[in-house]
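Add chain Z to chain C, keeping to what the hints say.
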Amino acid sequence: KAGVTQTPRYLIKTRGQQVTLSCSPISGHRSVSWYQQTPGQGLQFLFEYFSETQRNKGNFPGRFSGRQFSNSRSEMNVSTLELGDSALYLCASSLQGLEETQYFGPGTRLLVL
Amino acid sequence: TQLLEQSPQFLSIQEGENLTVYCNSSSVFSSLQWYRQEPGEGPVLLVTVVTGGEVKKLKRLTFQFGDARKDSSLHITAAQPGDTGLYLCATQYSSASKIIFGSGTRLSIRP
Numbered sequence: 032k033a034g035v036t037q038t039p040r041y042l043i044k045t046r047g048q049q050v051t052l053s054c055s056p057i058s059g060h061r062s063v064s065w066y067q068q069t070p071g072q073g074l075q076f077l078f079e080y081f082s083e084t085q086r087n088k089g090n091f092p093g094r095f096s097g098r099q100f101s102n103s104r105s106e107m108n109v110s111t112l113e114l115g116d117s118a119l120y121l122c123a124s125s126l127q128g129l130e131e132t133q134y135f136g137p138g139t140r141l142l143v144l
Numbered sequence: 010t011q012l013l014e015q016s017p018q019f020l021s022i023q024e025g026e027n028l029t030v031y032c033n034s035s036s037v038f039s040s041l042q043w044y045r046q047e048p049g050e051g052p053v054l055l056v057t058v059v060t061g062g063e064v065k066k067l068k069r070l071t072f073q074f075g076d077a078r079k080d081s082s083l084h085i086t087a088a089q090p091g092d093t094g095l096y097l098c099a100t101q102y103s104s105a106s107k108i109i110f111g112s113g114t115r116l117s118i119r120p
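Each protein sequence line maps, in turn, to chains C and Z. Following my numbering from start to finish, the first sequence increments by one per residue and tops out at 144. Following my numbering from start to finish, the second sequence increments by one per residue and tops out at 120.
Honestly, the hints are just simulated from the structure, not real lab data. Keep in mind it's a predicted model, so treat the numbers as computed, not measured. Where hints are given, some of them may not hold.
In silico DSSO-like links for lysine-lysine, alpha-carbon gap of 30 Å or less [claimed, not checked]:
no., chain 1, residue 1, chain 2, residue 2
1, Z, Lys79, C, Lys44
2, Z, Lys107, C, Lys88
3, Z, Lys79, C, Lys88
Just chain C, same shape as in the assembly (with noise of 0.2 Å):
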């Protein structure tokens, strides 16, 4: 089986631009978390989607969206970049939620200037 891709791997951006960020989980996987990579804060949580549905969500300000779609690949959004949002951004995949093993992807950079 293909693990999780996730595209672009690398991404510049200015401030206030916005960003779509696009995760292809395992195949049978329903379930899709998004997570936020810092030096400073380290790996946290962004939001979960299951069945096109946002499931549960992290601290994370509006600015961060996403959504699911039918096939279960997943888009995030990040409007009006600032420069904090600079990180790995990294999905992670599983057959039905957060409580199961999470199959990660390798990370997209994000550098905001």
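This is chain Z only, laid out in the frame that chain C set:
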């Protein structure tokens, strides 16, 4: 807010040495996961511990869950350069509504 504290933050040792890293909290966990993350990749699950006092072994890695389920340790015997990476502990919070990760231990093994 439930926090997971990991120590040490950084560890650099010689190949062949033993080491232990720790994950602690003031809260009781229902379960705890250990992940390893290598540069340029996402974290990979190593083990899940569920029962207080539980010990699990994965080749040269030994994971222990504290009796009170508030802490966990990872012991590596005869470390090898391939063990290099960021070791993260994690747990589900508030009835699996989200996952919390520790700050991580960055391990470097010198040949």
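Here is what the structure says about each hint:
Note on lysine 79 of chain Z and lysine 44 of chain C: the hinted pairing is violated, with a Cα-Cα distance of about 41 Å set against a maximum of 30 Å. Note on lysine 107 of chain Z and lysine 88 of chain C: the hinted pairing holds, with a Cα-Cα distance of about 7 Å set against a maximum of 30 Å. For the proposed pair lysine 79 of chain Z and lysine 88 of chain C, the alpha carbon gap of about 24 Å is at most 30 Å, so the pair holds.
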